[in-house]
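Peer 1: Sequences listed follow chains D and Y, in order. Going by UniProt numbering, the first sequence opens with residue 1, and the numbers climb by one from there. Going by UniProt numbering, the second sequence opens with residue 1, and the numbers climb by one from there.
No lab work stands behind these hints, which were simulated from the structure alone. Backbone N, C-alpha and C fix where the C-beta goes; we use that ideal spot for every residue, glycine too. Do not rely on the hints blindly, as some may be mistaken.
Just a sample of chain Y residues kept apart from chain D, beta carbon distances all over 12 Å, derived [unchecked claim]: (1) K6; (2) G84; (3) D164; (4) S234; (5) V280; (6) S361; (7) K500.
Looking from chain Y toward chain D, a few residues come up when the C-beta cut is under 8 Å (computed) [claimed, not checked]: (8) C12; (9) P293; (10) L311.
2 protein chains.
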Amino acid sequence: MHQVVKGVWRYCHGETELHTPIKMRNKPISENIENLASANQAPINQADIKVAQTSRGLKVELPLQADEQIYGFGLQLHRMNHTGRKKHIRVNSDPIADTGDSHAPVPFYVSNAGYGVLVDTLRYCTFYTGTNLKKGESEGRANEVHKVGTSEIELYGYEKTEGDRQVLVDIPAAKGIDIYIFEGPDLLSAVKRYNLFSGGGTLPPLWGLGMWYRAYSAANSKDIKRLAEELRQSEMPVDVFGFEPGWQTKAYSASFVWDNNRYPNYQSMIDTLTKQHYKVNLWEHIFVHPTSPMYQGLKPFSGDFEVWQGLVPDLAVEEAKNQFANYHLKTFVNKGISGFKLDECDSSDFVHSNWSFPDLSYFPSGLDGEQMHNQIGLLYQDTIERPFEQIGKRTWSQVRASGALASPYPFVLYSDLYNHRDFIRGVVNSGFSGLLWTPEVRDASSPEDLIRRIEAVILSPMALLNCWRLPNLPWLQVDLEKNVNGEFDKGYEETRAICKHLFKFRMSLIPYLYAAFSSYYEEGTPPFRALVMDYPDDPQTFTVDDQYMMGANLLIAPLISDQTKREVYLPTGSWYDFWTNELLEGNQTLTIKPKLGQPPIYVKENTLLPLAKPVQYVTDQTVFELVVNVYGAQAQPFSLHEDDGESLAYKNKQSNQVILHWNANSGGQLERAGQFESERYLVTKWRVVHTEKNT
Amino acid sequence: MHQVVKGVWRYCHGETELHTPIKMRNKPISENIENLASANQAPINQADIKVAQTSRGLKVELPLQADEQIYGFGLQLHRMNHTGRKKHIRVNSDPIADTGDSHAPVPFYVSNAGYGVLVDTLRYCTFYTGTNLKKGESEGRANEVHKVGTSEIELYGYEKTEGDRQVLVDIPAAKGIDIYIFEGPDLLSAVKRYNLFSGGGTLPPLWGLGMWYRAYSAANSKDIKRLAEELRQSEMPVDVFGFEPGWQTKAYSASFVWDNNRYPNYQSMIDTLTKQHYKVNLWEHIFVHPTSPMYQGLKPFSGDFEVWQGLVPDLAVEEAKNQFANYHLKTFVNKGISGFKLDECDSSDFVHSNWSFPDLSYFPSGLDGEQMHNQIGLLYQDTIERPFEQIGKRTWSQVRASGALASPYPFVLYSDLYNHRDFIRGVVNSGFSGLLWTPEVRDASSPEDLIRRIEAVILSPMALLNCWRLPNLPWLQVDLEKNVNGEFDKGYEETRAICKHLFKFRMSLIPYLYAAFSSYYEEGTPPFRALVMDYPDDPQTFTVDDQYMMGANLLIAPLISDQTKREVYLPTGSWYDFWTNELLEGNQTLTIKPKLGQPPIYVKENTLLPLAKPVQYVTDQTVFELVVNVYGAQAQPFSLHEDDGESLAYKNKQSNQVILHWNANSGGQLERAGQFESERYLVTKWRVVHTEKNT
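Could you build the full structure based on these sequences and the hints that come with them?
Peer 2: Here is the structure:
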């Protein structure tokens with residue numbers, strides 16, 4: 001076992017496969033990994049790792065101490081704490097059960113003992129995190145005589161596995177494996193190290209942190225014009241306007257060609273939207289229809305099976321990636337498109353049809369279908385990012401599949417599933433594995449449901465309303481059929497007012513969120529993360545999967561769409577209710593009944609919270625007028641990231657660090673340092689939050 | 001490719017694995033396979049089968065013509081027609097999605113083109129039944145310009161795969177494979193051949209076809225006494241009385257020892273139940289607790305991981321099987337136990353805990369965990385059947401996992417799932433793959449729900465009420481809490497009356513069902529089967545998954561528990577509504593609103609249907625008094641199976657064929673031939689069913 005970079009250790013066994021996440025990585029390790037402290041000693045003993053060849057592949061044993069709690073494995077929608085569970089690392093479009101299947105499964109876990117483990121494989125490997133003891137281990141301890149019980153559980157006396165045991169990893173097909181171990185010393189540090197090792201977290205363009213609206217799929221130019229104007233006229237902030245499948249001549253598989261029937265003057269439409277300060281985003285997927293201009297060129301570099309009668313381009317082959325990227329540059333990015341929604345790049349199992357390519361497919365790069373399924377999301381992201389890099393601009397895009405080492409990619413995950421509880425858990429869990437996730441709003445059963453879902457999505461990495469089934473704006477009518485028929489809800493003005501308040505609130509959070517993402521980029525700190533990352537010594541946080549930290553200082557506890565009240569656990573310390581300013585003691589569980597439009601937010605004591613005057617949209621000229629809320633007598637400095645907000649110049653230090661300071665006697669102060677020449681932040685007010693302690 | 005037995009062809013590739021369903025089979029091929037006609041030519045050309053080694057295992061290609069419909073893959077609860085789907089052959093305790101996962105997945109499919117294919121592997125193989133075309137195949141045909149549509153499906157223009165294509169089989173780990181191909185010429189003949197190749201269908205003891213009642217898990221001797229007496233006093237026919245986990249000192253894992261606290265005089269209790277003419281059935285599972293008398297003996301012959309702190313005995317090792325079987329002979333079978341319920345021998349994925357052994361487990365026989373999971377159900381059945389063979393008696397038992405070549409085993413499958421629509425589909429589908437399934441009745445949301453579920457279960461291989469959560473009889477109170485508290489429903493007498501009518505109706509069907517099972521044993525004909533098996537030329541049957549044939553002449557169309565009406569498709573020919581005697585033309589779909597207590601049954605024209613005077617229970621002395629219903633002027637002969645009903649003597653021809661004949665002029669006649677010396681059937685009446693044609 002040796003150190004590959006400061007604090008990251010590699011255990012090698014046998015002859016590894018040609019294609020693994022590490023071997024296929026296309027982003028350098030962040031230099032900032034050197035800033036993280038290291039004990040200069042691997043957190044797991046080499047002797048405690050065992051690898052053996054089996055008839056089926058490899059068996060890996062890693063130690064698991066009695067009290068360890070295991071997190072990670074990528075975007076897991078059904079569970080947060082994976083201790084004692086089985087997790088199958090397989091990309092899947094409808095992860096309806098707690099099997100490990102996911103849009104973005106990652107063979108990476110972290111332990112509250114303060115380390116992380118990446119098993120470097122693209123195989124559908126399975127982790128058993130302490131599910132079983134070895135033969136005979138229970139013999140000594142299990143001879144207690146069973147007592148007569150009344151409940152079934154008591155009656156049957158289910159035996160749980162406890163004590164020191166193993167994490168087993170079952171890796172099919174492989175003959176060799178590299179295991180990367182990330183030092184802590186604590187859980188959050190291990191995650192930060194993993195993210196910096198991956199290349200650092202992604203920094204979105206400022207506009208990406210605004211509101212997103214995806215329009216009706218069957219819309220034509222006129223419908224688009226009407227929607228875009230109506231949003232501006234009603235002063236609902238929106239930065240990104242998205243097109244769903246209907247923009248193409250052929251969607252399943254995809255032609256990547258604008259449909260002239262629905263959009264006879266599409267370029268003029270894009271230009272108009274751009275003048276209205278919308279960023280235009282296009283839905284697509286990866287399977288190339290025979291009528292696509294890309295078809296013939298990609299054919300030699302595609303897998304041996306079709307999907308929806310289209311090619312599966314092998315983006316692990318440079319020539320295929322080039323063709324795909326160049327087509328997107330020429331046809332879309334150079335024509336004003338700001339980003340894409342990369343759909344269907346996972347794989348189906350649980351849905352009406354079994355689409356996608358078989359696991360036994362063969363690709364020219366040498367990847368087989370199994371490996372390609374676990375990597376295609378990242379290959380696709382890497383390809384689509386390229387044209388933006390070529391024009392020196394950031395994108396902020398969507399993708400439905402991802403994997404290991406994904407933190408540098410400017411893509412946010414989403415799903416066709418729609419359970420709101422699972423959607424919240426997605427925000428909590430994605431932070432363990434270098435991923436971002438949006439609990440997007442699509443349908444709503446009532447105006448209340450719409451609002452609750454919006455409350456959650458504006459406190460996520462991407463504030464997205466995906467109204468692909470609604471020809472009219474959702475607050476006018478949530479009922480699908482009535483919306484299609486143009487029958488509007490009587491109370492829509494009230495609904496719209498609350499939505500507008502929430503949209504504006506999101507816009508006011510942009511500087512704070514941008515700072516959180518800057519910390520993701522610089523330090524690897526997940527902008528959205530589970531409480532256990534910040535409070536690893538508090539066992540009460542070990543299973544909290546419906547609350548999360550957003551940025552440095554805000555604790556978020558969204559209501560699930562049909563709730564009117566919920567419980568909130570506040571960890572150690574003191575917290576301010578953002579809406580009432582009430583000061584609350586930590587280490588307690590509250591029952592709260594928040595008002596509609598006031599998603600539960602708790603501010604850590606001694607926080608400086610910058611809130612911007614909401615704008616309708618962000619431009620390269622936008623200056624944010626800040627009110628800085630001061631919570632507590634010892635409010636700590638807060639660092640804002642300042643740059644042009646859209647180019648890649650920040651990678652060459654063309655940015656400023658703007659530090660807000662507070663002193664109870666002398667008041668607030670703004671300190672600016674760096675090479676960026678304009679000023680994006682103007683503090684208009686320091687607002688001391690007075691409160692009485694709730695005793 | 002060569003013929004291994006008449007009409008069964010084997011294609012070999014490479015060096016096969018040491019453990020496969022065929023290599024591990026423990027039942028001889030039925031001699032009756034020679035009675036099936038053969039074209040003396042394999043139904044698939046050898047040249048159309050391709051096998052290639054991949055980095056992951058083997059890739060098999062089999063032909064699939066444009067119009068072929070694919071069925072099978074074992075107990076599939078979510079789909080009947082698997083054409084164009086992906087099916088993963090993996091044993092799983094909670095098959096909540098249509099993935100192929102099942103209690104009893106089988107790597108066997110049949111085509112309506114008239115052949116069957118068994119891929120002889122215990123691996124978690126995946127079948128892709130025409131999901132994808134090969135690269136470039138769509139190029140010529142897919143250049144139709146997409147039209148603007150209004151619905152999403154139209155709009156997106158999803159491409160389906162059509163035309164001649166392949167069945168792909170993805171087999172992990174293997175380096176060689178044998179593929180067995182079963183001639184038709186039609187679908188049913190291919191299934192019959194597969195069943196005879198497996199050893200022929202199982203013949204239940206007569207009592208096994210009666211009513212089953214599984215009692216409250218937390219019951220003690222007194223409770224058992226009360227329930228058993230109450231059933232007899234209220235004259236509800238019941239043949240089998242089942243004990244749930246509470247009978248053991250330790251259930252998870254299992255001690256296989258009676259709990260002296262709850263059952264201080266368990267032997268006297270068993271003897272009493274036996275005197276009351278109940279057959280006693282015991283719940284158990286395979287994982288052996290350290291306190292079990294079997295533990296030390298089995299320890300050397302167990303897998304390397306524990307489950308619920310218990311051993312996983314390797315029943316593929318003769319010594320382990322012997323110990324397990326002998327313990328059951330000595331402790332249970334010799335003491336009057338008639339059968340077992342073999343629980344938890346599948347594997348968990350979707351439930352609250354991830355129990356069972358890892359796929360990477362190793363067993364002394366050389367099986368790995370993956371292979372063992374797909375075979376453990378059959379090994380367990382084979383082991384538990386042995387003590388009954390030793391005493392020369394049949395059992396009729398339950399099991400929660402099974403696999404390939406299972407038709408000779410006297411076990412019926414069940415599940416912890418409870419969707420009634422899926423449960424009905426289970427009855428339909430299991431017949432394609434040599435399996436039996438019971439849609440057992442556990443909970444009910446209302447008396448109506450209870451009755452609808454009973455209506456379905458009495459028309460299945462096992463008429464089972466599994467009241468493990470109810471201390472009182474279910475018709476007294478369906479509400480769990482109230483049942484526990486002894487608060488009985490006001491209308492319970494009416495509910496009980498309908499239940500009693502249905503229980504009695506089941507009892508009246510025993511001779512008919514016994515004949516159907518005899519045909520399963522002799523000819524391989526599934527006693528419960530999809531309509532498409534009997535009507536393979538009628539495309540309307542291709543997807544009918546909520547109706548089935550029961551025995552030769554009855555079409556069953558159960559109501560789903562919350563339905564009050566449904567559609568029924570009647571195939572070609574004429575049919576009699578069993579309850580009204582109305583004659584109905586086939587080739588039509590009816591909408592029916594059946595009365596509670598009258599499950600929809602349609603009798604094929606020209607059928608002789610023997611119905612017995614219901615008995616409370618079957619004994620070795622039972623003589624069935626038959627009323628023979630005569631449907632149609634040309635009623636065909638019907639053959640009853642007559643034997644002692646409980647021993648294995650039928651295997652040595654100690655049985656009679658009792659043929660009912662009907663002639664419109666001379667009336668009915670009973671013809672008896674064979675070596676069994678007693679008479680079990682007495683015709684008391686020939687009842688001509690008069691009707692007017694519904695025009």
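Peer 1: Evaluate each hint against the coordinates.
Peer 2: Verification of the supplied hints:
1. K6: K6 (chain Y) is indeed farther than 12 Å from all Cβ atoms of chain D, at 33 Å.
2. G84: violated (7 Å)
3. D164: holds (14 Å)
4. S234: Holds, since 27 Å exceeds 12 Å.
5. V280: Answer for V280 (chain Y): holds, closest chain D Cβ roughly 20 Å.
6. S361: At roughly 8 Å from the nearest Cβ of chain D, S361 (chain Y) sits no farther out than 12 Å, so the non-interface label is violated.
7. K500: Correct as stated: the minimum Cβ-Cβ distance to chain D is 29 Å, above 12 Å.
8. C12: Not OK, violated: C12 (chain Y) not within 8 Å of chain D, min 20 Å.
9. P293: violated (13 Å)
10. L311: Constraint on L311 (chain Y) satisfied, holds at 7 Å.
Violated hints for the displayed structure, listed by number in ascending order: 2, 6, 8 and 9.
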